[in-house]
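Protein chains: 2
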Amino acid sequence: MNNEGLLIVISGPSGAGKGTICNNLVKKNKNIEISISATTRPPRRGEEDGKSYYFIGEKEFIDKIEQNEFLEWARVYGNYYGTLKKPVLEKLKEGKDVILEIDIQGAVQIKNKFPDGVFVFILPPSIEELKKRIETRATETKKEMIERISAAYDEIKKAFHYDYIVVNNCVEKATSKLQAIITAEKCKLSRNKHLLNIGGRF
Amino acid sequence: MNNEGLLIVISGPSGAGKGTICNNLVKKNKNIEISISATTRPPRRGEEDGKSYYFIGEKEFIDKIEQNEFLEWARVYGNYYGTLKKPVLEKLKEGKDVILEIDIQGAVQIKNKFPDGVFVFILPPSIEELKKRIETRATETKKEMIERISAAYDEIKKAFHYDYIVVNNCVEKATSKLQAIITAEKCKLSRNKHLLNIGGRF
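Protein chains in written order, with the numbering used here: chain A, 1 to 202; chain B, 1 to 202.
Please note that the accuracy of each hint is not assured.
Put simply, identical chains are the same to the list, so a pair is met inside one copy or across any two.
Stated by the list, open to error - Taking lysine-lysine pairs in the DSSO-like style, the calculated list, with each CA pair at most 30 Å apart, reads:
id, residue 1, residue 2
1, 132, 113
2, 157, 131
3, 28, 113
4, 193, 132
5, 143, 27
6, 157, 186
7, 131, 193
8, 158, 188
9, 188, 113
10, 132, 186
What the hints contain is simulated information worked out from the structure, not anything from laboratory work.
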């Protein structure tokens, strides 16, 4: 019997509300953990090392890439982001479900290594709402904001690689949908074939 | 945008608890309806025409087969069972989700006609529990009981055609799992590609 946890990859444009949904889910379901990414970008106000991200230097990051310590990594807006392999694989073995909140570049790398992963794309309710959310964040320059909006368009166009789409009209509803996806995935035939082996089970 | 309801096919051996789970789900979710099958078998105690089944004569049933009025039909233990096409297609168009509680023979016919259908197999927690449940029903002769237990084995072996497996350890949990499967299926990329068409949507 397979008791391994699920690897859940969550992507979506900035401002779609990925972080809020994931944090909400983790509060309600103690078996889920959010993987903490490593990055070379400087911390934003309020971000703590080892909590929001592992903030590491560029040399250290590149060393880890060379030592094949990343499950996925990408360079975005001139900074490196990546997911360290070891902690994720350990949690999955313990039976914990692990959420990776990563971009499409990273998701493609994961899909090649973990075809059993569950790939969910979070959409904002409308492009107007998306623009508003990115602008309200106000931690970025005007140029960065325009880049993010344009990147959001490009990302949405590439979301065809994902298994599920969740529209974030309402955080509670979107969280319930994400939980339902996890529950349903655990019922999939491909994860439960051992139950049909009558000789083995009964 | 596709507002059609989901067609959900539920199968599983006698005594797995399909009926209890489906009735429980329908009580909680007003958008779901259980399709009523037609049959030529005589009513069991407490079964009402038009509620449990449409009880019809063999000649009428065979006429309807010839007029292609069935979505699926099968002959089981010498009786005919079938799902009439018209009421199901009407409900789906209205946006209702429709549950068909049918056997594997019927499910295979549906899968050919509705590749978008969702196929769920309900398993009893153990073969001992299954035997107990079939024996407790006590509306059948000893010979019929033995036939049902043997048929249950055969059905479980054929459940590889289904999309999901739900083990009925507890009716409430199994009902929640079935609800989660329906919610997740509605988030599947294949049912939501229109949302990624930025030109069309935003």
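Right, here's what the structure says about each hint:
1. For the homomeric pair residue 132 and residue 113, neither the shortest alpha-carbon distance inside one copy (36 Å) nor that between copies (45 Å) is at most 30 Å.
2. For the identical chains of this complex, residue 157 and residue 131 are intra-copy neighbours only, at 17 Å inside a copy versus 53 Å across copies, given an alpha-carbon limit of 30 Å.
3. When the C-alpha separation of residue 28 and residue 113 is checked against a cutoff of 30 Å, the pair qualifies only within one copy, where the shortest distance is 29 Å, while the shortest distance between copies is 40 Å.
4. Taking CA atoms no more than 30 Å apart as the test, residue 193 paired with residue 132 passes between copies only; the shortest distance there is 24 Å, against 46 Å inside one copy.
5. For a Cα distance limit of 30 Å, the shortest separation of residue 143 from residue 27 qualifies neither inside one copy, at 35 Å, nor across copies, at 53 Å.
6. Proximity of residue 157 to residue 186 under the C-alpha cut-off of 30 Å is found in both arrangements, the shortest distances being 28 Å within a copy and 20 Å between copies.
7. When the C-alpha separation of residue 131 and residue 193 is checked against a cutoff of 30 Å, the pair qualifies only between copies, where the shortest distance is 22 Å, while the shortest distance within a copy is 45 Å.
8. In the homo-oligomer, the alpha carbons of residue 158 and residue 188 lie at most 30 Å apart both inside one protomer (26 Å) and across protomers (15 Å), since each shortest distance falls under that limit.
9. In this homomeric assembly, residue 188 and residue 113 come within 30 Å of each other (Cα to Cα) both inside a single copy, at 20 Å, and across copies, at 22 Å.
10. Within a single copy, residue 132 and residue 186 get their C-alpha atoms only as close as 36 Å, which misses the 30 Å cut-off; across copies the closest is 27 Å, which meets it.
Violated hints, in rising order: 1 and 5; the structure is consistent with all others.
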